[in-house]
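Student: If you want the building blocks of each chain, they are given just below.
2 protein chains.
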Amino acid sequence: MTTQTEKLTSEFDLIARHFTRPAANAVLGVGDDAALIDVSNGMDLAVSTDTMVSGTHFFPDVDPENLGHKSLAVNLSDMAAMGAMPYWATLALTLPSVDHDWLAAFAKGFFDLAEEFNVSLIGGDTTRGPLAMTVTIMGEVPAGAALRRGGAKAGHDIWVSGSVGDAALAVAHRHGKVVLAEADYREAVMRLYEPTPRVALGQALRGLATSAIDISDGLLADIHHICRLSNVGAKVELPLIPVSAIGRKHIGLKEGLTAIVAGGDDYELCFTAASNSRESIAELAEILGVPLTRIGTVSRGKGVSLVDAGGKAVALDGYGFDHFAAS
Amino acid sequence: MTTQTEKLTSEFDLIARHFTRPAANAVLGVGDDAALIDVSNGMDLAVSTDTMVSGTHFFPDVDPENLGHKSLAVNLSDMAAMGAMPYWATLALTLPSVDHDWLAAFAKGFFDLAEEFNVSLIGGDTTRGPLAMTVTIMGEVPAGAALRRGGAKAGHDIWVSGSVGDAALAVAHRHGKVVLAEADYREAVMRLYEPTPRVALGQALRGLATSAIDISDGLLADIHHICRLSNVGAKVELPLIPVSAIGRKHIGLKEGLTAIVAGGDDYELCFTAASNSRESIAELAEILGVPLTRIGTVSRGKGVSLVDAGGKAVALDGYGFDHFAAS
Numbered sequence: 001m002t003t004q005t006e007k008l009t010s011e012f013d014l015i016a017r018h019f020t021r022p023a024a025n026a027v028l029g030v031g032d033d034a035a036l037i038d039v040s041n042g043m044d045l046a047v048s049t050d051t052m053v054s055g056t057h058f059f060p061d062v063d064p065e066n067l068g069h070k071s072l073a074v075n076l077s078d079m080a081a082m083g084a085m086p087y088w089a090t091l092a093l094t095l096p097s098v099d100h101d102w103l104a105a106f107a108k109g110f111f112d113l114a115e116e117f118n119v120s121l122i123g124g125d126t127t128r129g130p131l132a133m134t135v136t137i138m139g140e141v142p143a144g145a146a147l148r149r150g151g152a153k154a155g156h157d158i159w160v161s162g163s164v165g166d167a168a169l170a171v172a173h174r175h176g177k178v179v180l181a182e183a184d185y186r187e188a189v190m191r192l193y194e195p196t197p198r199v200a201l202g203q204a205l206r207g208l209a210t211s212a213i214d215i216s217d218g219l220l221a222d223i224h225h226i227c228r229l230s231n232v233g234a235k236v237e238l239p240l241i242p243v244s245a246i247g248r249k250h251i252g253l254k255e256g257l258t259a260i261v262a263g264g265d266d267y268e269l270c271f272t273a274a275s276n277s278r279e280s281i282a283e284l285a286e287i288l289g290v291p292l293t294r295i296g297t298v299s300r301g302k303g304v305s306l307v308d309a310g311g312k313a314v315a316l317d318g319y320g321f322d323h324f325a326a327s
Numbered sequence: 001m002t003t004q005t006e007k008l009t010s011e012f013d014l015i016a017r018h019f020t021r022p023a024a025n026a027v028l029g030v031g032d033d034a035a036l037i038d039v040s041n042g043m044d045l046a047v048s049t050d051t052m053v054s055g056t057h058f059f060p061d062v063d064p065e066n067l068g069h070k071s072l073a074v075n076l077s078d079m080a081a082m083g084a085m086p087y088w089a090t091l092a093l094t095l096p097s098v099d100h101d102w103l104a105a106f107a108k109g110f111f112d113l114a115e116e117f118n119v120s121l122i123g124g125d126t127t128r129g130p131l132a133m134t135v136t137i138m139g140e141v142p143a144g145a146a147l148r149r150g151g152a153k154a155g156h157d158i159w160v161s162g163s164v165g166d167a168a169l170a171v172a173h174r175h176g177k178v179v180l181a182e183a184d185y186r187e188a189v190m191r192l193y194e195p196t197p198r199v200a201l202g203q204a205l206r207g208l209a210t211s212a213i214d215i216s217d218g219l220l221a222d223i224h225h226i227c228r229l230s231n232v233g234a235k236v237e238l239p240l241i242p243v244s245a246i247g248r249k250h251i252g253l254k255e256g257l258t259a260i261v262a263g264g265d266d267y268e269l270c271f272t273a274a275s276n277s278r279e280s281i282a283e284l285a286e287i288l289g290v291p292l293t294r295i296g297t298v299s300r301g302k303g304v305s306l307v308d309a310g311g312k313a314v315a316l317d318g319y320g321f322d323h324f325a326a327s
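If you read the sequences in order, they're chains A and B.
For the first sequence, position 252 (counting from the first letter as 1) is numbered 252 according to full-length UniProt numbering, and the numbering increases by one without interruption.
For the second sequence, position 88 (counting from the first letter as 1) is numbered 88 according to full-length UniProt numbering, and the numbering increases by one without interruption.
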C-alpha cells in the first residue's frame, strides 16, 4: 500500500536517524525490527499509549519544542498515575513535510524531558501525513503494587497535587471564552505546553493511595473515572480545590469555573487515601516539595457532586459537564 | 490543549469501549492509566511500533476490515522478524468522524487476527483527526536469542519465505503502472490488504538464521538494511526470486520487476543462514508448510546487486532503487 515515493522514504529514513540516540536502558534500541528490553524480576511492565493530533490536542501554531516536551510528558504522567518508574518509550511521528528546524526543536523538547527522567527512546516510526504523534511509554512497577483506579472506598479522602485549571484557562482564552491578562496568559500557557509529570509522587504513593489517576480529561471527569471503576460516588468541595493566583481571578465566573474543574490538561495526580493517611501525605508533600490538597470525600452511591462553602451543590447543568452526574 | 467538545469526548469514550475485550495475557488490560503485563523470567520483551496513515500507507477507500487486519499484521510481522512470540498490543486510532459500521468492521479485522495469534489488546487511545492508526506490539523472546539484522556474514545464504511482489503489483495497478487482469488484481490486492505474518517461522529460525528482517520496504531495500547493519554486501539472483503466477506474467517488464523487487508490503521474512543449514531450512519449510527459497549470497563489501541468469548485473538505475547500491 506504499503510495509514497522512494525519495520520500529516504528522506524519512534520515529523520528517523535524528531520533536515534543511545538507549541506555535497553538490550537493543532503535534500528532493528523491534527493540528488546529486559524487565526486572518481580516487576510488572506498565504500558500506556497517547496520541496527540494537530487541531484536536494542540493548536497548529504550537512551538515544536513545547510539543516534543508535551508528547512525552502526558505519557510520563500515565506512569506517575500507576506508581510506575518510566524507562522506555516509542515515538510514532507523522509529519506533513520535512522541516529540519521544526524536527530539531521537537527532538530537543522530547529528549530534554526524556533525559530528565532517564527514559530511553527505543523505537518508533516516522511517516508522512497530517501532523500527529503517538508515544507508547513503558515502565516498571513492583508486581501487585500499581496504583489503579478501582480501589477507592466510601470515606476515603480525595487529594490532588499542585494546582488545577491554568492549562484549561489558557485554552479558554485562546477560544475567547475567558480573557487573561497578557502576563497571565504567558504563564498559564506554559502549564498547557509543558506540564510537569508527577513521577516521583506516583511512586511515593504506592501503599498509601487507594486509587489514582492523572488529570487529563478534567478534574471532575477524572474523579468520575475513579468512581466508575471503584463503584463509589464522590463529593468535591469547590473552596478546597487548589488553584493558582491566575485561577483565583477567574473561578468566580462560569467560564472560568468550567475551565478549572472540567477543562483538563493539568497532568496533576488525583488520588484517594484512607483518612488515617493524612499525616503521611502531609509529610510526603513536604519531602517532595509538591503541594497535596485534600479536596473531597469518597461516598457510597454513584456520581460526582461539587459543593460550595455552605455544602450546597453547585449546579452542574449548563457547565458542559452534567454527564458526570450519577448515571 | 483539548479543543474538542465534551460531547465528542463522550462519543470517543464509547468507541474506546468497542475495543475493550478481555486481555487474557495481561495483569491489567484496557481502562486504567496503563496496562500491566508480567514478562516471563529469562525472556526479553520485544517492542515495535508501526503507523499507517490514509493516503500514505493505504488507499482511502480500503475496506475497514482489511485495514484492521493489516494494522495488526504488519506489527506481528515485526515480531516474526525478531523471532519473538507476540502477546500484547496497544492501538492508537485517529478517526475523522464516528462511523459505527466502519468501526465494527475495523475491530472485526483487528480482533480476528489478534485471536488467531493469541494477542491481547491491552490499551490504546481513540482521538479525532485524519484517519491513521499506530499499533505498538510486544512479545517475548528468550534473552539473547532474538533474530537481529546485524549477524549476516560473507558466504551466508539469503533466503526468503513465500513469494514476493503481488502486493506491490496491486499498488502499481492502482497507479496505472502495470495492468493486471481483473481476477489477478483481486488476488494480488488481498496480499496487499491481508498479509500473512510469518510468526511461527520467525520463532523456528532462532538459532538457525544469522539475521532476519520482514519485507516491508521492498526486497532489495530490506536486504540492504541487513547489509548495512551487518557491514556486508549481497548478490541476489533474479531468476531465484520466488514470485506468484501473477508475478511471472509481469516480471519481464520494467515496471513489473520494479514492483516485485522494490515495491515492498510483502511481509515475508528475508533471512540469512550459513550454507550448512540448507537441509535444516528445507525441513523447516516442509514442517511449517511455508516455501523457503534461497535467492542469493552475502558477500564482502557493500551494496546489494541483482544479477540475471547469466550472472550479469541487472542495471538498477532508473528502476527507482539505485540508492541501494554501495554507498
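Honestly, the hints are just simulated from the structure, not real lab data.
Glycine included, C-beta positions come from ideal geometry on N, C-alpha and C.
Some clues are possibly wrong.
What follows is a set of in silico ranges between Cβ atoms, one per label pair, in the way DEER data are often shown [claimed, not checked]:
1. 253(A) to 20(B): 36 to 46 Å
2. 60(B) to 98(A): 42 to 52 Å
3. 100(A) to 301(B): 37 to 47 Å
A partial selection of chain A residues facing chain B, derived with a Cβ cut-off under 10 Å [as the list claims (entries may be wrong)]:
4. 35
5. 102
6. 104
Student: Tell me, which hint numbers fail for this structure?
Tutor: Hint check: 2, 3, 5 and 6 fail, others pass.
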